[in-house]
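Protein sequences, first through last, are from chains Y and G. Here our numbering is used: the first residue of the first sequence is 1, the next is one more, and so on. Here our numbering is used: the first residue of the second sequence is 1, the next is one more, and so on.
It should be emphasised that the hints constitute simulated quantities derived from the structure, not laboratory data. Note that CB positions come from ideal geometry on N, CA and C, so glycine has one too. Be careful, since some hints might not be right.
As the list claims (entries may be wrong) - A short list of chain G residues far from chain Y (calculated; beta carbon distances all over 12 Å):
(1) Ile124
(2) Asp201
(3) His249
(4) Gly258
(5) Gly263
(6) Tyr303
(7) Val315
(8) Thr328
(9) Thr427
(10) Asp443
(11) Gln446
Stated by the list, open to error - Simulated restraints on C-beta separations:
(12) Y:Gly89 x G:Asn143: 57 to 65 Å
(13) G:Asn143 x Y:Thr68: 44 to 52 Å
(14) Y:Thr68 x G:Asn50: 40 to 48 Å
(15) Y:Gly66 x G:Gly252: 12 to 20 Å
(16) Y:Gly89 x G:Gly71: 42 to 50 Å
(17) G:Gly120 x Y:Arg87: 38 to 46 Å
(18) G:Ser11 x Y:Gly46: 31 to 39 Å
(19) G:Pro103 x Y:Thr68: 37 to 45 Å
Take a look at the letters that make up each chain.
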Amino acid sequence: MSELTRRRFLTATSVGAAAVASGLAATSNLVEETLQAAQPPRLAEGEELVAHVRSLTTGEITLLLGTTQVVYRDRELAQRLAQAAARAGR
Amino acid sequence: MSSHREAPAISKDPVADNTDTYAFVSPDRADTVTLIANFIPLEAPAGGPNFFEFGDDVLYALYVDNDGDGGPDVTYQLRFRTDVRNPDTFLYNTGPITSLDSPSWNRRQFYSVTRVDGAGNETILGSDLASPPCNIGPRSTPNYSALAAAAVHDLPGGRRVFAGQRREGFYVDLGSIFDLGALRPFQELHLIPMAPTPGVDATKDVNVHTIAIQVPKSDLTRDGSTLTDPADPRAVVGIWAAALRRKAHILGGADQAGDVESGPWTQVSRLGNPLFNEVIVPMARKDQWNALPPSQDGQFAQYVAQPELARLLPVLYPGVFPHLAAYTKDRADLLAILLTGIPSGVIPGFQNFTGTTQADMLRLNLAIPPSASPNINGILGGDLAGFPNGRRVFDDTVTIEIRAVAGVTIPLVDKTYTPDAAAGGVTDIVHNGTLASNPDLADRYQSGFPYLGLPKDGFHTPSS
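Construct the entire structure; sequences and hints are all you get.
Next up, the structure:
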């Protein structure tokens, strides 16, 4: 996940990766990524990105890609995802 | 049971439920060790049309610790895939299955074996290895022994592997023990007494799914050596098995190709010593225990030091265990047997001590040769090649552990203690000491790899 970027995450979610809002427990050895703009990301064939919004307050989002897991913090993004989910639920 | 349905969460996930783990110096290839992990508890042989199989979405692992830290230094991982030949039939087989590539066998499983060293380096030992079918009956699997034999695969480096259905090797009077700790042969002494009767072997007609791998001893030791001195600390390795699932699984619904699995492999089942999670760890912590590595087991040592079962025995059998009832010290004997190994000087000619790290692992002293006349009571029966020196498929671990908890092993560490007279005789099913003298057990096992017997077939089991 060292090449994970904010752009990559947003692109991945926009092409249909699942956003999961509940149900997963965090582990103790997570690392927090500092995300910077980089090359436009791509997902490998058959690869999907799962985002688990753990807290709107802290903006903690657990990202699962392949067999890796990383915690990403972005309150604005977390709240935008929650708003999108709320709209979808109406 | 040993670890069948032993925790709330895993009891709902049978294909990942590690029911028994075994580790022993191979009796017919004494330069090798056989590691076995069983999954899928209590398979009814007639359980079709979708017969039992390994999980394609499960990572099965056998772990070896050779430096005493409760973490893996050698891992054997198995992953399965299922191949459906004919999607237009509901049948498992459309005719007799006469070979592992029989066209009439519709649903086959293949697997890979990967060895991972302590640095995380992976070596694929085999891929596209065939599992045998389940043993269905004389029409579908007319020569089952040939099918099973063909599913033993040689791997590089003198290793071999088998993954498929076998007969359950663990014997226990399940219905009695879980009916308020009753032991039928002694139940006239129970708090709710009944006339004594012979124990009932509740697992004699069920199957399991077995992963067995046989490797040179040098594959497991910290320096790649083959050790011959039982006193050498390097001769002892710790072994446990586990099943892991991906962190996230999103169901695709009717779009069957739409299922998503993602994230790290996450442990959902674990097993070292038989019965550890089942009768030592309290209900509220069993699922947590299943998710942890042995290196974290120090937090469960309190339940070993003051085991609930040792408090229950004097209550359930009033007046039978007065010495045990009065013993309030921490159980240093059980702490050693289950969490650190037995140090030198306790049992003449034997040690399986791995250090001070408390970790639930089978501990096998590789320098102890196989017994020519194995005693199913292992070390309690004077046979240093048996449990708790590793665990053989036929070891009577229920009896061994009941007797240990009842106090027979306390004098190993506390010479002031005299076991209750009953402690050395309690058992769920009365057996004689040697394997050869117990004909009811004989057909459950075979003398060569993978040592567990052929599975019962569904046509004949149950028989009426």
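These are the hints, each one checked on the structure:
At roughly 16 Å, the least C-beta separation between Ile124 (chain G) and chain Y is larger than 12 Å, which holds for a residue marked as non-interface. Every beta carbon of chain Y lies more than 12 Å from that of Asp201 (chain G), the smallest distance being close to 40 Å; the non-interface claim holds. A cut-off of 12 Å between C-beta atoms contradicts the statement that His249 (chain G) is not in contact with chain Y; the least separation is 10 Å. With a closest Cβ-Cβ approach of about 10 Å to chain Y, Gly258 (chain G) is found to fall inside the 12 Å limit, against its non-interface label.
Here Gly263 (chain G) does not stay apart from chain Y, with its beta-carbon only about 3 Å from theirs, under the 12 Å limit. Tyr303 (chain G), annotated as away from the interface, keeps every beta carbon of chain Y farther than 12 Å; the closest lies near 22 Å. For Val315 (chain G), the non-interface assignment is confirmed: its Cβ lies about 37 Å from the closest Cβ of chain Y, beyond the 12 Å cut-off. At roughly 36 Å from the closest C-beta of chain Y, the C-beta of Thr328 (chain G) stays outside 12 Å, upholding its exclusion from the interface.
Its beta-carbon lying about 41 Å from the closest one in chain Y, Thr427 (chain G) satisfies the requirement of being farther than 12 Å from that chain. The claim that Asp443 (chain G) is not at the interface with chain Y holds, since no C-beta of that chain comes within 12 Å of its own (minimum 43 Å). Every CB of chain Y lies more than 12 Å from the CB of Gln446 (chain G), the least distance being 37 Å, so the non-interface label holds. At roughly 58 Å, the beta-carbon separation of Gly89 (chain Y) and Asn143 (chain G) lies within the given 57 to 65 Å, and the hint holds.
The given range of 44 to 52 Å is respected by Asn143 (chain G) and Thr68 (chain Y), whose C-beta atoms sit roughly 46 Å from each other. Taking 40 to 48 Å as the suggested C-beta distance range, the pair Thr68 (chain Y) and Asn50 (chain G) does not conform, at roughly 34 Å. Between Gly66 (chain Y) and Gly252 (chain G) the C-beta distance comes to about 18 Å, which sits within the given range of 12 to 20 Å. A hinted range of 42 to 50 Å holds for the C-beta pair Gly89 (chain Y) and Gly71 (chain G), which are about 44 Å apart.
Take Gly120 (chain G) and Arg87 (chain Y): their Cβ atoms lie about 44 Å apart, and the range 38 to 46 Å holds. Checked against the hint of 31 to 39 Å, the pair Ser11 (chain G) and Gly46 (chain Y) passes, with Cβ atoms roughly 33 Å apart. Here the CB-CB span from Pro103 (chain G) to Thr68 (chain Y) is close to 41 Å, well matched to the stated 37 to 45 Å.
In summary, the structure is inconsistent with hints 3, 4, 5 and 14 from the numbered list given earlier, while agreeing with the others.
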